[in-house]
Amino acid sequence: MNNEALRIENLHLSYKGLAGTTFSKPRALDYFDKNCDIDKELICGANLILKRGETLCIGGPSGQGKSALLRVIAGLARPSAGRLYYFGEHIPAERQTALEIAKRQVGLVFQNGALISNLRVRDNIALPLRYHKKGSPKEIEEKINMAMDLMRVRDCATMFPHQLSVGMQKRVAIARSWAMDPELLLMDEPTAGLDNYNRRNLLPLIDNMRTLFKTSIIIITHDLMIAKELNCNLVFLYNKTLTEPHSFDYWQNADTAISRELFRDLRNSG
Amino acid sequence: MTMELEQTKEQEKLTTCGRAFHKLGLFLMKRSFGQQVGLFLRAISSIFSESRSFKTDSRNIILQTFFTGVEIFPVLFVVATLFGAIVIVEIMTMMGKVGFSDVVGSLMVVVIIRELGPILTAFLIAGRSGSSLTTYVGSMVIDSEVDALATMGVDPIRYLVMPGLIGGTIATFIMTMIFSGSAIGAGYLVIKTLIVITGNALNLQLTWDYLTTEILKALSMTDFIFVVIKPIVFGCIITTNACYQAMNIPRDIRQVPKATGKSVIKSFFYIVCADVVLSMFYFLDYVNEISKII
Numbered sequence: 001m002n003n004e005a006l007r008i009e010n011l012h013l014s015y016k017g018l019a020g021t022t023f024s025k026p027r028a029l030d031y032f033d034k035n036c037d038i039d040k041e042l043i044c045g046a047n048l049i050l051k052r053g054e055t056l057c058i059g060g061p062s063g064q065g066k067s068a069l070l071r072v073i074a075g076l077a078r079p080s081a082g083r084l085y086y087f088g089e090h091i092p093a094e095r096q097t098a099l100e101i102a103k104r105q106v107g108l109v110f111q112n113g114a115l116i117s118n119l120r121v122r123d124n125i126a127l128p129l130r131y132h133k134k135g136s137p138k139e140i141e142e143k144i145n146m147a148m149d150l151m152r153v154r155d156c157a158t159m160f161p162h163q164l165s166v167g168m169q170k171r172v173a174i175a176r177s178w179a180m181d182p183e184l185l186l187m188d189e190p191t192a193g194l195d196n197y198n199r200r201n202l203l204p205l206i207d208n209m210r211t212l213f214k215t216s217i218i219i220i221t222h223d224l225m226i227a228k229e230l231n232c233n234l235v236f237l238y239n240k241t242l243t244e245p246h247s248f249d250y251w252q253n254a255d256t257a258i259s260r261e262l263f264r265d266l267r268n269s270g
Numbered sequence: 001m002t003m004e005l006e007q008t009k010e011q012e013k014l015t016t017c018g019r020a021f022h023k024l025g026l027f028l029m030k031r032s033f034g035q036q037v038g039l040f041l042r043a044i045s046s047i048f049s050e051s052r053s054f055k056t057d058s059r060n061i062i063l064q065t066f067f068t069g070v071e072i073f074p075v076l077f078v079v080a081t082l083f084g085a086i087v088i089v090e091i092m093t094m095m096g097k098v099g100f101s102d103v104v105g106s107l108m109v110v111v112i113i114r115e116l117g118p119i120l121t122a123f124l125i126a127g128r129s130g131s132s133l134t135t136y137v138g139s140m141v142i143d144s145e146v147d148a149l150a151t152m153g154v155d156p157i158r159y160l161v162m163p164g165l166i167g168g169t170i171a172t173f174i175m176t177m178i179f180s181g182s183a184i185g186a187g188y189l190v191i192k193t194l195i196v197i198t199g200n201a202l203n204l205q206l207t208w209d210y211l212t213t214e215i216l217k218a219l220s221m222t223d224f225i226f227v228v229i230k231p232i233v234f235g236c237i238i239t240t241n242a243c244y245q246a247m248n249i250p251r252d253i254r255q256v257p258k259a260t261g262k263s264v265i266k267s268f269f270y271i272v273c274a275d276v277v278l279s280m281f282y283f284l285d286y287v288n289e290i291s292k293i294i
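Going down the list, the sequences are from chains A and B.
Per the numbering used here, the very first residue in the first sequence carries number 1; after that it's consecutive.
Per the numbering used here, the very first residue in the second sequence carries number 1; after that it's consecutive.
Misleading hints may appear alongside valid ones.
Stated by the list, open to error - Derived EDC-like pairs: lysine to aspartate or glutamate, alpha-carbon spacing no greater than 16 Å straight-line: (1) K51/A <-> E4/A; (2) K192/B <-> D209/B; (3) K133/A <-> E50/B; (4) K228/A <-> D207/A; (5) K133/A <-> D207/A; (6) K143/A <-> D123/A; (7) K133/A <-> D57/B; (8) K143/A <-> D181/A; (9) K51/A <-> E244/A; (10) K134/A <-> D209/B; (11) K240/A <-> E9/A; (12) K103/A <-> E50/B.
Rather than coming from a laboratory, the hints here were simulated on the basis of the structure.
Note that the structure is predicted; figures quoted are calculated from it, not measured.
Whenever a hint applies, use it, and build me the whole structure from the sequences.
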């Protein structure tokens, strides 16, 4: 069995590839479009390997394309060049859609939660399970309850997303992704907008997913302390490419431009 | 560049005929119309996908039918009644004056049942339900809800477009029937009330028996077929166009009202075009009848 959850080889992403998803337009069409120039590139030649069961934090200054990279991995944006392997399997560019990648048990937690606004919390978590018929109605109910208990959102099961706080929405979104038993979970800024109490509660939950369920996790974050608290490797998207993965301590003491820039406050505070 | 090379190699494997179809397909798929046809076909084919569930699908379709049809009913009923009353009065007075009283039924069939009934219903549904559908799906696109569906493996076309398409089409069909029925039935009642109030100032000799007999006499088999086909075609056009405009909204909230307006205007345009195409079959019918006489 291949030990890699994700491999990215020489990935290039232009702003054009990032612009929205058009479900009605065949994705392969873009490659025939002669007007589709390789315009200004957001990511240029990024490489990454994530092992099964590993957690990796991706940091970097704002506007470098971290969330865009996550969208590419989830199949929501089109790379202009490069190859992506999911659990050892290469998916050709014309088939690299979110629906195709979701079949490989890849989940994504959006920065804003992206809960379906006209469904209650319980139905939001149930939606993918019922759609994919993941078990009998009783098994699905059990799974929903388990996910809600794990993320401590059982109290708001009958509420609509607009009635929840940002933190609650995020926890529901994680519960929804977790319920699908993802083998690779992508998280965009999971701690952004959370107070210290909710942040402290959320990190052990993420850690549980890694240790108990052997889920491979990629976390996009500005909160670099996550890497320290989860004891995982950290890479930076900087100057249009990804750095080598290293531990939090390595980066904190390294004499590189990116670590000097991003760890300045942490170093000053001792 | 590598991808372009791979695609060029793939094309070289095709025969001349295959390449021609390939180019035609690409030409069509680059146009908004071709993409809408593609979306329509994908929505229809998604009915048979592995994730089909009779219970969930029927619930979603019924909800969409309710959303499209029931909420527009009061406006539609009033418009149909007034429209029917005007048409009946105009036809009865004008035809009587010029001595063509025997074509009253035929004219009512043409105006109410065949042409303006389905078109006005479709316009009302496009303006009210089509625009709502664009706003609803468009907001979901802006809030990344559609992306979230796709990343969970839930096909947005199956989850959002298909119920809208089927439910919207069923509602358009039912509403067209109601429009025609109300235009004739309620229109007749309005005129009768006017006759009583004004003491028959217009000198109309209108009875229910006369009206229904004339209309039933004028109805042909082609009318019955097109009474079913037209609303179905218009319903498909309105819902597919509404969803297409919504799905293609760039990530900018200001684009939602723009897309909504575009959805309504384009629906009007496509409905009129489709009506012209469907009317061609009537002309063919007339030509056949005339050739039989000759």
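Hints, one by one, checked against the model:
1. K51/A <-> E4/A: With Cα atoms ~4 Å apart, K51/A and E4/A stay inside 16 Å; holds.
2. K192/B <-> D209/B: holds (13 Å)
3. K133/A <-> E50/B: With a Cα-Cα distance of about 10 Å, the restraint between K133/A and E50/B holds, given a limit of 16 Å.
4. K228/A <-> D207/A: holds (12 Å)
5. K133/A <-> D207/A: violated (28 Å)
6. K143/A <-> D123/A: holds (12 Å)
7. K133/A <-> D57/B: Holds, at roughly 14 Å.
8. K143/A <-> D181/A: The hint holds at about 10 Å.
9. K51/A <-> E244/A: holds (14 Å)
10. K134/A <-> D209/B: violated (60 Å)
11. K240/A <-> E9/A: holds (14 Å)
12. K103/A <-> E50/B: holds (13 Å)
Of the numbered hints given earlier, the model fails hints 5, 10; all others are met.
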